[in-house]
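Asks: Take these sequences, add in the hints, and give me the full structure.
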Amino acid sequence: DTAVSQTPKYLVTQMGNDKSIKCEQNLGHDTMYWYKQDSKKFLKIMFSYNNKELIINETVPNRFSPKSPDKAHLNLHINSLELGDSAVYFCASSQFSGSPYEQYFGPGTRLTVT
Amino acid sequence: QKEVEQDPGPLSVPEGAIVSLNCTYSNSAFQYFMWYRQYSRKGPELLMYTYSSGNKEDGRFTAQVDKSSKYISLFIRDSQPSDSATYLCAMSREVSGGGADGLTFGKGTHLIIQP
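Residue numbers (this note's numbering), protein chains in the order written: chain A, 1 to 114; chain B, 1 to 115.
Incorrect hints may appear among the rest.
Here's a subset of chain A near chain B, in silico, CB distances under 7 Å, partners left out [to be verified]: (1) Phe42; (2) Leu43; (3) Ile45; (4) Ser48; (5) Ile56; (6) Phe90; (7) Tyr101; (8) Glu102; (9) Phe105; (10) Gly106; (11) Pro107; (12) Gly108.
Restraint-style ranges between C-beta atoms, simulated for each label pair [to be verified]: (13) Thr13/A <-> Asp7/B: 32 to 38 Å; (14) Ser68/B <-> Ser80/A: 44 to 50 Å; (15) Gly16/B <-> Glu58/A: 37 to 43 Å; (16) Lys40/A <-> Glu94/B: 25 to 31 Å; (17) Arg41/B <-> Thr13/A: 15 to 21 Å.
Once the Cα atoms are required to be at most 30 Å apart in a straight line, the calculated DSSO-like pairs of lysine-lysine come out as [stated by the list, open to error]: (18) Lys107/B <-> Lys9/A; (19) Lys22/A <-> Lys42/B; (20) Lys40/A <-> Lys70/B; (21) Lys2/B <-> Lys107/B.
For the record, the hints were derived by calculation from the structure and aren't laboratory data. Where a beta carbon is used, it is the ideal one built from N, C-alpha and C, also for glycine.
Replies: See below:
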């Protein structure tokens, strides 16, 4: 069984479009994250949700809006896509109490903006 | 100065060698230290997780943390070609009231184990 899954795996779209990436985890964790890995392979935190509430919001353009319908799902919606948004986006999850720092990552969504 | 520094490599060693991977960091608030392995076009996979200073061993892997020097290491014994991947160090602060802070990653070291 896949622990953290993301859809789609690949996303190619044009500048100005709006797109969404979905994430689901079946680990029973209550905290989920979005990370961005740029072309130089540098991974950086974007957002974190705990029990559907936003707890981390790094300096990210407000064109990016995360939404958590329940603690097993965290989606990322991106408006007015720009060339610089091209990257791999990873979802991760952890447990708030116990080992919140043990984060488990999904396979990534490779976004290409043309 | 970046918060976490990691030599990107590539680091190429023969099969069976002991591999040493390292990171330095500048933020003394970091308390949790992780090592992730990432294969090409895959998500990072958690290998080791250490709190504060000390050593931790898991099979062929040993993680060391020296907070006084702000230096962490990962050792891989009896390296195998299947260990060829990018190894990322990651760190996090203790958050008051518990809870999860985002991880701060190094840029990763590309490791190649030659058969």
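Asks: All hints, please: hold or fail.
Replies: Now the hints, each set against the structure:
1. Phe42: 5 Å, holds
2. Leu43: The hint holds - Leu43/A has a Cβ within 7 Å of chain B, the shortest such distance being about 4 Å.
3. Ile45: Holds, about 3 Å.
4. Ser48: Since chain B brings a Cβ to about 6 Å from Ser48/A, closer than 7 Å, the hint holds.
5. Ile56: 5 Å, holds
6. Phe90: 6 Å, holds
7. Tyr101: At 4 Å from the nearest chain B Cβ, Tyr101/A passes the 7 Å test, so the hint holds.
8. Glu102: 5 Å, holds
9. Phe105: Where the cut-off is 7 Å and the nearest Cβ of chain B is about 4 Å from Phe105/A, the hint holds.
10. Gly106: With a minimum Cβ separation of about 5 Å from chain B (threshold 7 Å), the hint on Gly106/A holds.
11. Pro107: 5 Å, holds
12. Gly108: Cβ of Gly108/A sits 5 Å from chain B, so the hint holds.
13. Thr13/A <-> Asp7/B: 32 to 38 Å: 35 Å, holds
14. Ser68/B <-> Ser80/A: 44 to 50 Å: 48 Å, holds
15. Gly16/B <-> Glu58/A: 37 to 43 Å: At roughly 42 Å between Cβ atoms, Glu58/A and Gly16/B fall inside 37 to 43 Å, so the hint holds.
16. Lys40/A <-> Glu94/B: 25 to 31 Å: Since the Cβ atoms of Lys40/A and Glu94/B sit about 29 Å apart, the hinted range of 25 to 31 Å holds.
17. Arg41/B <-> Thr13/A: 15 to 21 Å: 19 Å, holds
18. Lys107/B <-> Lys9/A: 23 Å, holds
19. Lys22/A <-> Lys42/B: Distance ~17 Å between Lys22/A and Lys42/B Cα, so the pair holds.
20. Lys40/A <-> Lys70/B: 24 Å, holds
21. Lys2/B <-> Lys107/B: Distance ~10 Å between Lys2/B and Lys107/B Cα, so the pair holds.
Checked against the numbered hints given earlier, this structure breaks none of them.
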